[in-house]
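A.B. asks: Take these sequences, add in the hints, and give me the full structure.
Add 820 to the 1-based position in the sequence shown for my numbering, that's all there is to it.
Where hints are given, some of them may not hold.
In silico SDA-like pairs for lysine to any residue, Cα to Cα no more than 25 Å straight-line [unchecked claim]:
| # | residue 1 | residue 2 |
| --- | --- | --- |
| 1 | Lys-1200 | Glu-1470 |
| 2 | Lys-1144 | Asn-1249 |
| 3 | Lys-1071 | Leu-1295 |
Taking CB as the label site, the calculated pair distances span [unchecked claim]:
| # | residue 1 | residue 2 | range |
| --- | --- | --- | --- |
| 4 | Leu-1075 | Gly-1029 | 48 to 54 Å |
| 5 | Ala-888 | Asp-1405 | 48 to 54 Å |
| 6 | Leu-1143 | Ala-888 | 48 to 54 Å |
| 7 | Arg-1479 | Lys-1398 | 51 to 57 Å |
| 8 | Asp-1308 | Gly-973 | 54 to 60 Å |
| 9 | Leu-1143 | Glu-999 | 29 to 35 Å |
| 10 | Ala-1469 | Gln-1372 | 40 to 46 Å |
Think of the hints as simulated: they come from the structure by calculation, not from any bench.
Here a beta-carbon is modelled for each residue, glycine too, at the ideal position from N, C-alpha and C.
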Amino acid sequence: MSAADTTLDILRRDSGVRALGMGGAFTGTAADTSALYYNPAGLARPGMQFTYSEDDLSGLKYTTGIDAALKFGNTAFGRRRFVDRDSYFVDAQSIGYGVQTSSGIDYGLVYRSLARETPEAVGSAWTVDGGLLFNFWPELRLGLNIQNIARQGLDADTQARLGLAYEPGDFLFSADSGEHYGLEWRMSDGFALRGGYNKDNPTVGFSFGLGDLTWEYALERTNEGYIYRWAAKLGNELYPKVRKYSIVPQKEILLLELNSNLIAGQSDASIFGGSNLGLDVLLQKIRVAADDKSVAAIMVRIQDLSNSVSYAAVLEELRAELLKFRRKGKYVVVYIEDQLSANSYYLATAADKIVMPSLGALTPAGRALTVTRYKGLLEKLGLTPLVIHTGEYKDALNPWNAGFTDKQREHLEQLVKDINDELSASLKNARQISTQNMADIADGGIITAQEALDYRLVDALGYYDEAEKQMHALLKLATPNADDFSDDLHYISPGELVSFEENNFIIPDFRTIAVVDIDGELIDGVSYSDTLFGGKRSGADTLVAELREIRQQDYVKAVVLRINSPGGSPFAADRIYKEVQKLRDKKKYVVASVGNIAASGGYYIAAAANEIYANPSALVGSIGVIGQTLKAGKLYEEWGIKEDTIKTAEHADMNAPGRELTGEEMTMLLRYQAVVYDQFKLAVALGRNLHVDEVEPLAQGKIYTAKRAQTLRLVDKLGTFSDALEAAKKGAKITGRARIVRNVPAANGWAQFRYNLAVALGLDKLSFNALLKSEPVLLKSYIY
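C.D. replies: See the structure below:
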């Protein structure tokens, strides 16, 4: 066989053990690394895989045949090295990329370089192949592979090959032009049998896998003898597992299971806290489902979620996204697992139908704000809590205080009332509840399932099969078996949905909007998540570096600051604020999107944006400064502990826990806080186009709902993250569909280790990671 013949043999897709076992009928089937040779559009299905194979073990065609390939996401790299029986050598290196689209038509390209060596000469060549994959139904696909679209140094014509694949259940039938036919039977997870015809040559094969490790074997009988091939694969091929988009719309149902692990912002996981689903991750999946023509409905299975006032905005935004989904002509059914409190029931009212078990219960109205005070306990332990604050309302929620002042109580009563009124009005309108019925349930009491049905709070009583029955009726599916509605319902999970807006493409898109997440407490170092107990920290070093990178990228036209932060270090807030100002100086349009809270330092940063969007019940403001510490003089005295101090200055030991602060030292601290407070007000005034004197009555540490803050000019628009993206697009004058880039700050291992060690030793510094919850918070002296 000549070098040219050997080269063309490789280019004819003579690759892949699975493909050989199916007679080479793989153009409509390839989704693993062999898509590099059969159809690069198959690379569009994401996955991670490394494959190593040895071809023609019998030596019938080649004395050496080695194939190695790596697939990472939608990109694959491959190398094939062959020596034929006449010592002609070919080395082919390939790189391919596939793109999946929601239309059901995928495409891909492969660039291949070749090195050839014969006894007479050494040469090189390159070629480009293209591929298309038409997914008519999830079970039926048509593939087209066009070889040698462009080439150099290769005497070969452009060729095309068609392939059809039909996949009912655990079977796969495939056929390619050129008389290639194949059959695969996936007998169980990890084991499959294959057979086929490669023109007149029969082929067989099988695979056996354990977890992510798979071993494959195939043979082909030719007139000259048998060709044997084996391969080892490491990674998730994902071929039968990945959701397949189709040209013909399907009636798929996105299944959401919500419980107490739903948190604001990005997802989080820890050893002791478990995994928590981030609201922003869930919202993105719902947006994708709304645009996906095959997703017809959402089924929500809901357990009781937090009923705190600070959590209301989380569910408010989720509810708004579900309503947008319904406005696309799609359906939502909610199944209540057992009992729901007011916040959770408010979320359920986004549904077309609500079903609850006959033994369930609701408390559909009423909200409470409780702050547990620890001042008395600390004093009994000999610890004197010292809270220093600037702003009359700034310490209202501090658990070390004795209680609310009259003014603080009046202000917070209005805050809770604003949230309750906003959510109750939405509930009344959604369920068309009469004024009398609303009055009956307004006291926050328990409503039984039958009472809920009578009040029209739910649509049906029953277990999950009743919810499936309601879904079945909404989708107008064929009459099912009366005992099992689930047979006709095709569920998909959030993980099966792919975002086509947030893909990172190789070529920069000059319609790009960058999203920067600011989650949790603001700190001076790097961002990290606590791997022991959970919780996120947004570090100024990380965020400033990210914002600078965005500022230097000309293709980024707008930035959305996604804020879920109660504040933290004033230095961190000020550094980030100034970096946002520099973005605006570079003519990048900046929109702040408040999820559930942008208080104190969180609002400081938001004020730098061109516009602030927030959910109506989000908590904003808290413009003020607070610091606190514990003094342990009484404890030391009781236990016989003595501090022996040598100092060179009068106030050098003012932070010593064993002695009280003097009046002069208190004055110094308050004077310093006043400087920070004045800078905070100035930043708000500049960002919000207000006079500093106008900021003072809005400040003082007062917290507002975003709806009330809008009337005070602290918020521009009431809206969700999706609305903020649209505002950024409009502000940056982006036409068409914008590309969304979201970078999650990477954790710093050393910083995380130090923090985890501090936690283990009880030396950590915690903050209000849920501002209006009543957990005890023990802080060192810290101003934020």
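A.B. asks: Against this structure, judge whether each hint is valid.
C.D. replies: The hints, checked one at a time:
1. Lys-1200 with Glu-1470: violated (30 Å)
2. Lys-1144 with Asn-1249: With a Cα-Cα distance of about 16 Å, the restraint between Lys-1144 and Asn-1249 holds, given a limit of 25 Å.
3. Lys-1071 with Leu-1295: holds (8 Å)
4. Leu-1075 with Gly-1029: 48 to 54 Å: Since Leu-1075 and Gly-1029 have Cβ atoms about 27 Å apart, the given range 48 to 54 Å is violated.
5. Ala-888 with Asp-1405: 48 to 54 Å: holds (50 Å)
6. Leu-1143 with Ala-888: 48 to 54 Å: holds (51 Å)
7. Arg-1479 with Lys-1398: 51 to 57 Å: violated (37 Å)
8. Asp-1308 with Gly-973: 54 to 60 Å: holds (57 Å)
9. Leu-1143 with Glu-999: 29 to 35 Å: violated (55 Å)
10. Ala-1469 with Gln-1372: 40 to 46 Å: holds (45 Å)
In this structure, the hints that do not hold are numbers 1, 4, 7 and 9, in rising order.
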